[in-house]
Structures are given as structure tokens and as C-alpha cells.
Amino acid sequence: MNIMKSEIGMMVVFTIVILTMPLWLAPIGAGYPDLLQKFAIFGLFAIGYNILFGLTGYLSFGHAAFLGIGSYAAVWSFKLLTMNVLPAILFGVVCSGIFAFCIGYVSLRRSGIYFSILTLAFAQMSYNLAYSVLTPITNGETGLQLTINDPRILDAAVTSATGLPSTTLFGLSMSGYSGFYFCAVVLIIGFFIALRISRSPFGLVLKGIKSNQTRMKYTGFNTRPYMITAFVISGMYAGLAGSLMAVTDPLAGAERMQWTASGEVVLMTILGGAGTLVGPVLGAGLIKYFENIFSAFNDKSLHELFSFLPEILENGVVAIIRPFVGEGWHLMLGLLFMLIIIFLPGGVMKGIDRIKTKFGSKSEKPAEQSE
Amino acid sequence: MLLIGLAMERGLIRHFYKRTHAEQILVTFGLAIVIQEIIKANFGANPIPTSAPDIVAGSANIGTFLGLGDAIVYPWWRLIYLTFSLMILGGVFAFLQFTTFGMVVRAGMHDRDMVNLLGINVERRFTIVFGLAAVVAGLAGVMYAPILPPDYHIGMDFLVLSFVVVVVGGMGSLGGAVAAGFLLGILQSFASMNEIKSLFPGIDQIIIYLVAVVILLVRPRGLMGRKGVMED
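So the protein sequences, as listed, match chains A and B.
Heads up, our numbering is the position in the first sequence plus 2, with the first residue counted as 1.
Heads up, our numbering is the position in the second sequence plus 61, with the first residue counted as 1.
Calculated from the structure, these hints are not laboratory results.
A quick note: this is a predicted structure, and the numbers were derived from the prediction, not measured.
Please note that a few of the clues may not be correct.
[As the list claims (entries may be wrong)] Listed next, the stretches of chain B that the computed footprint assigns to chain A, with coverage defined by at least 3 CB atoms under 8 Å from CB atoms of chain A:
| # | region |
| --- | --- |
| 1 | 87 to 97 |
| 2 | 223 to 229 |
| 3 | 238 to 246 |
[Said to hold, decoys possible] Listing some non-contacts, in silico: residues in chain A with all C-beta distances to chain B over 12 Å:
| # | residue |
| --- | --- |
| 4 | L21 |
| 5 | W26 |
| 6 | S109 |
| 7 | R111 |
| 8 | R112 |
| 9 | I115 |
| 10 | F124 |
| 11 | Q126 |
| 12 | K209 |
| 13 | N224 |
| 14 | Y228 |
| 15 | T231 |
| 16 | M334 |
| 17 | M340 |
[Claimed, not checked] For each label pair, taking beta carbons as the anchor points, the in silico distance ranges come out as:
| # | chain 1 | residue 1 | chain 2 | residue 2 | range |
| --- | --- | --- | --- | --- | --- |
| 18 | B | R280 | A | P227 | 18 to 28 Å |
| 19 | B | G202 | A | F345 | 49 to 59 Å |
| 20 | A | D36 | B | I141 | 50 to 60 Å |
| 21 | B | G236 | A | V15 | 53 to 63 Å |
For glycine and all other residues, C-beta sits at the position ideal for the given N, C-alpha and C.
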């Protein structure tokens, strides 16, 4: 299992796994582009969140704000400049980075639960403002959309298309599978950067802050700039994810900034395993998969699924499972989440490691742990 | 509510005293999702309109009562709610401040191992306190029902607010929580006045969080937080 240890090996495996997702996810009903795009986007979001929470241990409850800001910025770029996705993404990342710097600068004066509350307060502020006063910028409740009359300065010079244009990468339309592959490539790049960060001296400092901030300070590190940098990087990842959301579907709404959305990314990171590299992506995939698959079940599909059982048994099984799927899939999510925190505090990745060591596989040390 | 609270503590929460705050928050959050979904499955997703008992319907004419003309009217139920909450508040405060039980709990908050070593079963007292907390929250919910028809996610709407209020007030300080509650509530009402809204558009939306941020930056432990409680 040495392959997981070298960076190149890890990147190759990760790249192959991500790019072939449409193939190996098809049998479990997840092989369609919309869902795959979500996997990639939320994977990116969770990777970024993990740089903050996993490495430094600071629990931010306001990360969805950066996601929302990224979305708005990207849609504005579509509206004003061009339908090409690159400027949009750049714009989204820069905007959310700036916001992250401002919020982080203030919030990082406190730690622990006070930091969580501060970030939560900022995120709720942005959400409420986007919903009400900033309507000229955010289009309030309706959400920011493209219209035919948008200026699109750069595009106008080149083409004079009629109708509502779609997002493109130099002419390649960003819907369906091409959209997914674009997100996937960004995800892979993002993953590589995160890998480099967590194995760099900078990443080591962040881990040092997590295990004992006071000691780090006595060693002579001024931890604050490191924290702010981590916060900004993590916010930029969120902005990137947000702008990718706008790329796949050019619409930005305030609900992306609500605290439940922040909670979701916390769930993803924890579920997969905070502090690991692959964990957050895995967690994001799991949650989005459950959301899409389980919520699609209804009585009929359940009866079909268990039709191999005898009639009485079938009805019984369906009656038991019914509350957990369809509209009730949150119940499933909550239960799963509790079980993981109670029995597997390190998330799914930790669980995999444990199984590995238990069955005495030849890998000397769990590969991914504490990366 | 007492029973549910007790069961929750016994079954789940007590295993988390030793873990980090983040994990405590997360596991209770997960539990909240589960309970919320169970409620939704049983009672449906629509709000259930509930009216106050007939005997207290209608409004009180406070203005006339105080001799200020009849400009000030206030629904009876809200007055009752106010009185009731003040009573509960006094009760909880007295319980924590003046009884031996409350003293032990407060001591346990500071240094639970020490209190344990003194031969007092802190675990059980914490269980009871958790149950009491559930009772108080449940009472608030019952009394609030006529004002806002309850639906299954009513808890989530209040969760964030009460979280902010407690932290702003200062962890481990009942007085702080009350003060912060009143402060934020009153500020929110002021900010909703048209005069102020026209001066600072949107202020009513963010005032609570704005004040929370300022308070936490000026007073790191909240309004009345004491040293040594919930420090990381």
C-alpha cells in the first residue's frame, strides 16, 4: 500500500477514481451528471473546509457565506463580462477570499465556541442582508438570474447570439457531462493543492495550532497570520465551490448562505473524517448521494425493491424502512451522523483504517491518517 | 419533557462530557435532526394552529389601567407569558443559587473532578440539570404555541438564536443569559421601527448578530461570563 504514501501515486489514484466516477457509480444509480457535479462541487467545498477545521481545529459555522458570495460573484461575472467560466471562477474566488479575510480577521481574535458563534453571526448577517437590503445586488428572494438584456461586455464584441446563453469554457457548453468533467478537473486541482498544503511546513504549523496553540506561541510562532491564511484559503475554496455551482446552473440564491448550509459542510467533513484528505470528499459524496437516492424512494419503488420477499415480510420491511427514505431521509442522515460521531469519532476514513489494522493487512501504518 | 431530557442525557450526552465542545455540539445537532424528523413523521409538516384558552383570550387595556388613555393594548396571553417566564426565571435562579443542589452543580461546572472526589455524585446531578433544562425549554414551547403555531422545525429557528444569546450572555451565567436575551430582543424591536429602518436600511435584519459580534469582541467571555467555565 505504499502507493498511497507517495504524492504522485495518491494523485494518480484520486484522478482515476474521480474521472471514472460516471462508470463505477452507474450501477448504484448515481451515474448522472447533475449528481456527479454535486459530488465534485461539495467535495471541493468540504476539502476547503477541512483545511480550516481539520488542520487547525477551528469550527466555523459560517462557511456557507463564502459559498454564497462565490455564487453571486460568478453570476455577476456572467452577467457583466462574459459567459466564459474562467473569469467567473476567478472572480468568485477573489471575492470570497476578500470576504474571508475581513471575517477571519475579526473572528480569529477568539477561539473555540466563541469563534464558532462569531462566524455564525457573520454568516447570518450576510444571509439576512442578501435576503433583504442588498436586493439590488442579490435579487433577494428570487435569486440572481441571467437575463437576455445583460451587458456581457466581452461576449457582445464576439457574438450577437439571441436567447439566453449558457455557460461555456471557450465554446464548450458547461452542461451535462462536460460540466461534470470541468468540475472534476477543478476538484482534482483543488485536491492537489490541499495535499501540498497539508504536507508543507505551513500545514505542519496549522496542525501544531490544533494540538496546542499555546505551545506554538511559546515556540516563537506568531500563530495569527497562519490562522488567517488558513481561513482565507478555506474561504476561497468555498468561493470556488460556489462559483462552480453557478457554472453548472447560473443562478444564485440567498438560501445557499443560510446556517443550515454551513451545518451541512460540517456534517460532510465529520462524516468523512476531519483532518484526512480523502475523507471530506467521501463525506460530501455520501451525503449528496443519500440526499438524491434516498429521497427518491417512495412506497412503490420500495415494494419493487423488496418484491423478492414473501408478501407479509415485504410489507413489514417496507413499513419499517418507509420513514427513513423519501421525505424522511433527514432522519436517516441524522441517525447515521450520530452513529458515526458516537462510534467512529474519526469519520469513515478512521473506520477504514481500523478495519485495515484489524485484519492485519500488510500496510505498516494506516496511510491516510492525520494527514 | 423531564423524562425525555433524562433519557437523552443518560443515553447519549453523558458519554460526551469528555469529548470536545465541537463533538458535543455536533452530536446534539444530529439528535435534533432525528427528533425533528420523528415529529414530522408523526404530526405532519404543517403548522398546527393552537389558540390560547378562551378565558385569557382578548387584550388587556393597559393604557386605561395606567391612566394613559386607551392607546396601549396588549393581548392577555402575552402578559401571562411574560409573568410566567419571569416566575420560571426566578425559580431557576433560586434553585441554582440558594439550594445545596444548585451549589453542587455550580461547583461541578468549575471542577467536576474535585467535586467528585468530595464524594458527591456529580454525574447524577448533571443528568437532573439536563432534564430540567429540557423542561424549561418545553414550557417555553408550550406557552409560545398560541403566539406562533408550532411546526416541526420550530426548534431550529430558535436554536441559533438561543445559542447566540447564551454565548453573548456568558457561559454559565443565568443572569447573563437573561440580560443578553432582553438586550437583543429589545434592540431587535427598536431596529424594526420605521424611523430607524429608514436611517439604516436592513438594520432590523442584522442587529442581533451585529451586537453579538461587538459584545464578543469587547468582552471575550460574553456579558457576564466567568473565568474558567467552558474555556478551551
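Now for the hints, and whether the structure bears them out:
no., hint, result
1, 87 to 97, "holds (count 9)"
2, 223 to 229, "holds (count 4)"
3, 238 to 246, "violated (count 0)"
4, L21, "holds (33 Å)"
5, W26, "holds (29 Å)"
6, S109, "violated (8 Å)"
7, R111, "violated (6 Å)"
8, R112, "violated (6 Å)"
9, I115, "violated (5 Å)"
10, F124, "violated (7 Å)"
11, Q126, "violated (5 Å)"
12, K209, "holds (16 Å)"
13, N224, "holds (19 Å)"
14, Y228, "holds (18 Å)"
15, T231, "holds (21 Å)"
16, M334, "violated (8 Å)"
17, M340, "violated (4 Å)"
18, B:R280 <-> A:P227: 18 to 28 Å, "holds (25 Å)"
19, B:G202 <-> A:F345: 49 to 59 Å, "violated (31 Å)"
20, A:D36 <-> B:I141: 50 to 60 Å, "holds (52 Å)"
21, B:G236 <-> A:V15: 53 to 63 Å, "holds (57 Å)"
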